[in-house]
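Hey, can you work out the whole structure from these sequences and the hints?
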Amino acid sequence: MNLSLSRPRARWLALTTAAAAASLVVAACGGSTSSSTGSGTGTVKSGGTATFALDEDVAGFNVLQANDNEFVLQEINDQIWPQAFLTPPSLTPTLNKDLLTSAAVTSTSPQTVVYKINPKATWSDGTPISAADFIYNWQANSGSATYKDLGGAAYLAASTAGYNDIKSVTSSDGGKTATVVFSAPYSDWRALFSPMIPGHVAQKVGFNNGFQTFGPAVQVSGGPYMIQSYTKGEDLVEVRNPKWWGTPGKLSKIVFRFILDDSQQPPAIQNGEANLVNPALAALSYYDSVKNIAGFTTKVDPGLEFQHMDFNQSNPYLANVNVRHAIAYGTNRQQMVARIVSPMAPSIKPLNNRLWMATQPAYKDTSAGYGDYDPAKAKAALTAAGMTMGSDGYFHPNSGPLKGQDLSFNISTTSGVEVRAQIEQLFQASMKNIGIKINVKNYDANTFFGTVLPKGEYDIGEFAWVLTPFDSGNQPIYCSYTNAAVCGNNWVHYANPTVDKLFTQASATLDPTQSAALYNQIDTILWKDMVTLPLFQQPQLFGWSSKLANVVPNTSSVGVTWNAQLWGNTTQ
Amino acid sequence: MGAFIARRIAAGIVLLLVASFLIYLLVSLSGNPLAALEANPHIAKATIAAAREQLHLNEPLLERYWTWLTGFLQGNFGTATTGQAVGPQVLPRLVVTLQMVIPATLIAIVLAILVGVVGAVKQYSIVDHLSTGLAYVFFSTPVFVLAILLKDFLAVDFNKGVGHTVLYTIGQNTPGVTGFGNVAVDAIEHTILPVVTLTLITYATWSRYQRSSMLDVLNADYIRLARAKGLSPRRVLYVHALRNALIPVTTVIALDFAAVIGGALVTEIVFGWEGFGRFFYTGLTGPVSPDVNVVQAWFVISAAIIILFNLIADILYGVLDPRIRYA
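These protein sequence lines are chains A and B, in that order.
The first sequence lines up with residues 600 to 1171 when you count with the working numbering.
The second sequence lines up with residues 478 to 804 when you count with the working numbering.
The set of hints was computed from the structure by calculation and includes no laboratory data.
Quick caveat: nothing in here was measured; it's all calculated off a predicted structure.
There could be a bad hint or two in this list.
Stated by the list, open to error - Simulated DEER-style distance windows between Cβ atoms:
1. B/R720 x A/S884: 50 to 60 angstroms
2. B/A664 x A/P784: 54 to 64 angstroms
3. A/S1007 x B/A664: 51 to 61 angstroms
4. B/V643 x A/S1145: 15 to 25 angstroms
5. A/Q933 x B/S507: 52 to 62 angstroms
6. B/A664 x A/S1145: 52 to 62 angstroms
7. B/L546 x A/G646: 46 to 56 angstroms
8. B/A664 x A/A893: 51 to 61 angstroms
Claimed, not checked - Straight-line alpha carbon distances no greater than 30 angstroms define the calculated BS3-like cross-link-like pairs of lysine-lysine that follow:
9. A/K1040 x B/K637
10. B/K637 x A/K644
11. A/K775 x A/K803
12. A/K1054 x A/K1031
13. B/K637 x A/K890
14. A/K898 x A/K976
15. A/K644 x A/K715
16. A/K842 x A/K890
17. A/K842 x A/K898
18. A/K976 x A/K766
19. A/K1146 x A/K1100
20. A/K1100 x A/K963
21. B/K522 x A/K1100
22. A/K948 x A/K1127
23. A/K948 x A/K696
24. A/K696 x A/K719
25. A/K1002 x A/K963
26. B/K637 x A/K898
27. B/K522 x A/K1146
28. A/K978 x A/K890
29. A/K852 x B/K522
30. A/K948 x A/K1040
31. A/K842 x A/K803
32. B/K637 x A/K747
33. A/K898 x A/K1146
34. A/K803 x B/K637
35. A/K1054 x B/K522
36. A/K766 x B/K522
37. A/K852 x A/K842
38. A/K852 x A/K948
39. A/K1002 x A/K1040
For every residue, glycine included, the Cβ atom is placed at its ideal position computed from N, Cα and C.
Below you can see the structure in the form of structure tokens.
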């Protein structure tokens, strides 16, 4: 999973985006969850331009590099660097048949995956896409000290997950077959090599720094489009890749305009300066300002991002599971959904799973009632935790640092984000209702995510996680915090050896149905232990001009540009 | 005069050094450029350690400042946290800001003098009251409010009225426009709203100074004498009064110009111009921030401009008013 900063827009990709686990295909045979339809698949004219307003500029151009690994770059990159597996809106994995003729597990002991590369696949500089690219991408992302970037520096890989389980990648059939042998089973293997950096270019210019500024290296493409120009803070222009071997893109140009302040996007749309939007954290006010623009279609879908609350168990009172349950019972999540989300996305309900979203086939309500709004149960749980109701309407602990005083906690999140401020207000009122005092203490995004959360300088933290379809990525958040090397994002100081074992088992289970069941089993335990409280899926807003056809929203981390090669203008 | 200038420059350099150290300290301690990496559950510890080393964050703060200072004295502004060299980014951004600021300043000067003179000559008339009222409205309106109002209520409706986009709300140009004539027209169309915004905010203050200065001069004895001698009102106004009334306003404009460059920050953000102000803003709030090298570059350049224009203001005062002499 990824952490969503609230700046608000540094949405990371964490794991490479690619496809959902194959379990979703098997389990969802005939029943995969679909995202909403877009502007149809009508006939469009060749040529023309689409202008996509992005609310963040890129830090660099290597989406696999730690500093550049952001959602906005993935959206730009969707049509540039090839991906082994694609993620359509249904979230079921799709082999990228332009790149590969097949990709299959040929052995489970050891796990071996054979990729057959399309003979026509070639980079825009004429170099064939080959097993050498698979080898380079593995080595660069493996995290192994054996492999070094240009100049002997360690690779700054955004994620080593999965790649660090690969033992070898070998080439055969003149470079058109790549055989990947794993040292340990890895169920999310479809997430790998999606996307792939051009290995022959990265070897020359460097993985870490060679793609930080716009230049010839950045313009090498293995997709339908290539980057023609980039003006920092202004725009990035993609044009058709003349060396693309598949169906050419309809549009002759896709322009990405960096309009960093979301409030500036509606007038730009009205003025015809942008005709496609997908803001990171669309507030109701933004939705209200775009939904009535003439000739502009808006669609809101539940995203793979959810708001939640962390309970820091370093706090002596939050260490008591009864107190955590009390807070959960006392939180009116339905009210939050109704006030904050429903006007935009009526289908969203309170979320009852941390590891799967309601729009994913593997989703199951694992809450066992622990997430139900029940103030009476909340008060009973506080009493069981050794609290006594005071005459001022607040519970008083019978022991600990707040003995005899009002039970109070700080809630912290990033300042200046409308959605989070509303959550805090509603939460404060709910807690007062059950006798807990809540103080709001917010920080700027850098401080909150860089210091407050990692150092545990908070009581209750509110922020969003962004999922990828690969649940092994959740392990660092929920496995025992005592294992700092693996569980570096367990900021709530939670430890449960059963959960640790289940994560290891799930990650190594190649059968997608079985691994999904294991993850749901983990989440059942997380509810019982009330490690965190999921609130609701974050709605994702998509908007596009009615003159732009074949735009289909995609809530996965590949973004709305997943099928940009099919976009076109209905009028010229 | 030469000694005066030399003393002022020397004092300015010392001030710059002390301030650069304080700014470096404050910015470095204000946040963690690796926050985003550290909060990402999928980034390996080794990657973060490598990134820390590449940004020299494992070195003591004083050592990092010294590295910056010695590099700066050799013309090297260092590397941004995103990996790009800072130096080559400074001039293009300054040019972008000046594209907005210079036209706005020139128009504001003309407008301020006109409004100030008319207001003084026709004191307490309807014209004076109207110009005073407007000046106070623009003077007290935040830049971003005015900018948004112009975008939402002027640009969109105006463009609809004329049938095509004349007033652009975002960016310095339209991507993909070719041909010198088309590029020039496109650039001008993108410049109109930001320049109007800055002009309205800026002229408001200057016009008040001009009016006040003009009133002082018009009530002076030598003007009364000039009228008594039978000079025409036009000659009294333009030859004797205006010239002297411009002296304080000129120095105010010289002092303010540096502030206008800094103040263009908000305008750049609202209109999406990648200028010098936004360079600073991104250094403080961008994806890998705080970026101390970017902020230092912005600070040093801005401070140098302020010191320079302060010096120009002092010199101009001495040139325009023969009674002033500097030792």
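How the hints compare with the structure:
no.	hint	result
1	B/R720 x A/S884: 50 to 60 angstroms	holds, 52 angstroms
2	B/A664 x A/P784: 54 to 64 angstroms	holds, 59 angstroms
3	A/S1007 x B/A664: 51 to 61 angstroms	holds, 57 angstroms
4	B/V643 x A/S1145: 15 to 25 angstroms	holds, 23 angstroms
5	A/Q933 x B/S507: 52 to 62 angstroms	violated, 40 angstroms
6	B/A664 x A/S1145: 52 to 62 angstroms	violated, 30 angstroms
7	B/L546 x A/G646: 46 to 56 angstroms	holds, 54 angstroms
8	B/A664 x A/A893: 51 to 61 angstroms	violated, 29 angstroms
9	A/K1040 x B/K637	violated, 46 angstroms
10	B/K637 x A/K644	holds, 26 angstroms
11	A/K775 x A/K803	holds, 22 angstroms
12	A/K1054 x A/K1031	holds, 28 angstroms
13	B/K637 x A/K890	holds, 19 angstroms
14	A/K898 x A/K976	violated, 38 angstroms
15	A/K644 x A/K715	violated, 34 angstroms
16	A/K842 x A/K890	violated, 39 angstroms
17	A/K842 x A/K898	violated, 34 angstroms
18	A/K976 x A/K766	violated, 52 angstroms
19	A/K1146 x A/K1100	violated, 53 angstroms
20	A/K1100 x A/K963	holds, 21 angstroms
21	B/K522 x A/K1100	holds, 22 angstroms
22	A/K948 x A/K1127	holds, 20 angstroms
23	A/K948 x A/K696	violated, 36 angstroms
24	A/K696 x A/K719	holds, 11 angstroms
25	A/K1002 x A/K963	violated, 40 angstroms
26	B/K637 x A/K898	holds, 26 angstroms
27	B/K522 x A/K1146	violated, 47 angstroms
28	A/K978 x A/K890	violated, 42 angstroms
29	A/K852 x B/K522	violated, 40 angstroms
30	A/K948 x A/K1040	holds, 27 angstroms
31	A/K842 x A/K803	holds, 21 angstroms
32	B/K637 x A/K747	violated, 57 angstroms
33	A/K898 x A/K1146	holds, 15 angstroms
34	A/K803 x B/K637	violated, 51 angstroms
35	A/K1054 x B/K522	holds, 16 angstroms
36	A/K766 x B/K522	holds, 21 angstroms
37	A/K852 x A/K842	holds, 16 angstroms
38	A/K852 x A/K948	violated, 39 angstroms
39	A/K1002 x A/K1040	holds, 22 angstroms
Hint compliance for this structure: hints 5, 6, 8, 9, 14, 15, 16, 17, 18, 19, 23, 25, 27, 28, 29, 32, 34, 38 are not met, and every other hint is.
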